[in-house]
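Number of protein chains: 2
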Amino acid sequence: MTFWGQKTFCIIAGASRGIGRSISIKFSENVAPGSVFLLLARTKDALETVKQEILQAPSNNCKAVIATALDLSNPNQQAFNEAVSNAFTQSGTTPSDFQHSILVQCAASLGIDKGYKVQNIQDVQYIKNYFDFNVTSFILLNAVFCDLVLDKKDETSTGRQTTIIHISSHGAVEPFKTWGLYCSARAAKNMLLRSISLESPNVQTINYAPGMVDTENYKEAEKHTGDPELVKYFAEQRASGLLLTPDQTVTKLVQILATKKYVKGEHISYDD
Amino acid sequence: MTFWGQKTFCIIAGASRGIGRSISIKFSENVAPGSVFLLLARTKDALETVKQEILQAPSNNCKAVIATALDLSNPNQQAFNEAVSNAFTQSGTTPSDFQHSILVQCAASLGIDKGYKVQNIQDVQYIKNYFDFNVTSFILLNAVFCDLVLDKKDETSTGRQTTIIHISSHGAVEPFKTWGLYCSARAAKNMLLRSISLESPNVQTINYAPGMVDTENYKEAEKHTGDPELVKYFAEQRASGLLLTPDQTVTKLVQILATKKYVKGEHISYDD
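Protein chains in written order, with this note's numbering: chain G, 1 to 272; chain H, 1001 to 1272.
None of these hints come from the bench; they were simulated from the model. Nothing here was measured: the structure is a model prediction, and the numbers come from that model. Hints are supplied without guarantee of correctness; some may be wrong.
Heads up, incomplete: computed chain G residues facing chain H, CB under 8 Å, no partners named [claimed, not checked]:
| id | residue |
| --- | --- |
| 1 | Thr136 |
| 2 | Ala185 |
| 3 | Arg194 |
Listed next, the stretches of chain G that the computed footprint assigns to chain H, with coverage defined by at least 3 CB atoms under 8 Å from CB atoms of chain H [claimed, not checked]:
| id | segment |
| --- | --- |
| 4 | 138 to 149 |
| 5 | 236 to 244 |
Stretch by stretch, here's where chain H covers chain G in the computed footprint (C-beta under 8 Å, at least three residues) [what the hints assert, rightly or not]:
| id | segment |
| --- | --- |
| 6 | 68 to 78 |
| 7 | 91 to 103 |
C-beta atoms are modelled at their ideal positions from N, C-alpha and C, and glycine is treated no differently.
So that you can see chain G by itself, here it is in the shape it has in the complex (with noise of 0.2 Å):
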């Protein structure tokens, strides 16, 4: 079996700009013709305008893409598997239609905009709701998205792949000043892919650190972070020049997924 190349149903969340994006579109134009894509996102402008870059690509191989607004941040078990089982039902196909399924988790906020050091956080509010955001329905998205795809007779027979991509960061391994919450949240997701492929050897899973990557957060991250040191240093990183596209990023998890090696929820960089 080989990454890309087959009928794909492809689920990403957080697909209407930066890295989403660009993963919405590079990876429809590896998969095979048939394939379905499904974009979430809170707004639903944002995501109709790459499902028409998407469809207006020479190379487009989609059969239907689906636009769905959904909200993230408000982990709703009815909604999110509406919006999953729809995309089946709007496409006119079923899961074993396709020889690939895929989840990207694209979506998290940084959790910095307050400046707080980790000893500095009595907001339970607010913790609560990051959380929410990044890691309670992360876990919902997953289990809906497996419940949905993953065949329950015989997980391992059907020859049919079922992949999970954690879009995460260096900041799952190293804790950056001011960053805490997001930190900490970005471990707790790289753990629960490495689960899911200890539990399911049959889910492949995959925590891709995409690297220094000119996008909204970053110039959130730019704005907001609360450390001197790293602003700066988030500064230094823009006026080098260095700082990558979204689609140089993509480009390189497109090429680390064709080689299948790192399946079973390994910590991967763009640098490595």
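Given chain G, put chain H in place with the hints provided.
Chain H only, in chain G's frame:
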């Protein structure tokens, strides 16, 4: 500065039983006269028993031991602040009376009672409750502790020590089947302590994995773990007679802390 033998203000969260109980007793034997211990857990009766054990020990060095019922599954800023503040009021002390302030975070739930694989966890309230108890409460108590004990004017010049100890688990660094929530929360907590020491070098932190210890949590693990291989492993560990007592692992922790080498959120195991 040495770790032990100081006039110490020590909070133990989860002090009513198991490792937390043993820490409460053994730590109190290693501090200087005039120390104050605050024992926190949900059940006041069990805490009162531990309090009497400390006070009646021949080597007791505590000026006061305060047992305060606090529901750690319900992170509440006011309640947490009052619990810690009242310990100073009740003992007639202020933070600057102490050479060393220690917070030991022992409280945790396993999150295994449903036998879930991560791919099956769709119960949003269950996830939220788990992270409330195991992560949000952890963050809040760290912050309340730091806010009250750290010198605001010049944190490094007072010569006073501040330490946070997370009684962690091997699950923080390696996934266990059907223990996904547990392992992800442990990974998050390890990262939070690393963040604190990075952000505030005057706060010493340590993530201590206590090994396989015969506690109520271990019995719960034997009874409720969803993965049959892991259940078998737990049973074999017990049958082998190799399970540690709480006192054994806490004695090792006391020795490790005496070396003062591991104070930047390192993950240290009983077996290291």
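Hint by hint, which ones does this structure get wrong, listed from lowest number up? 5, 7
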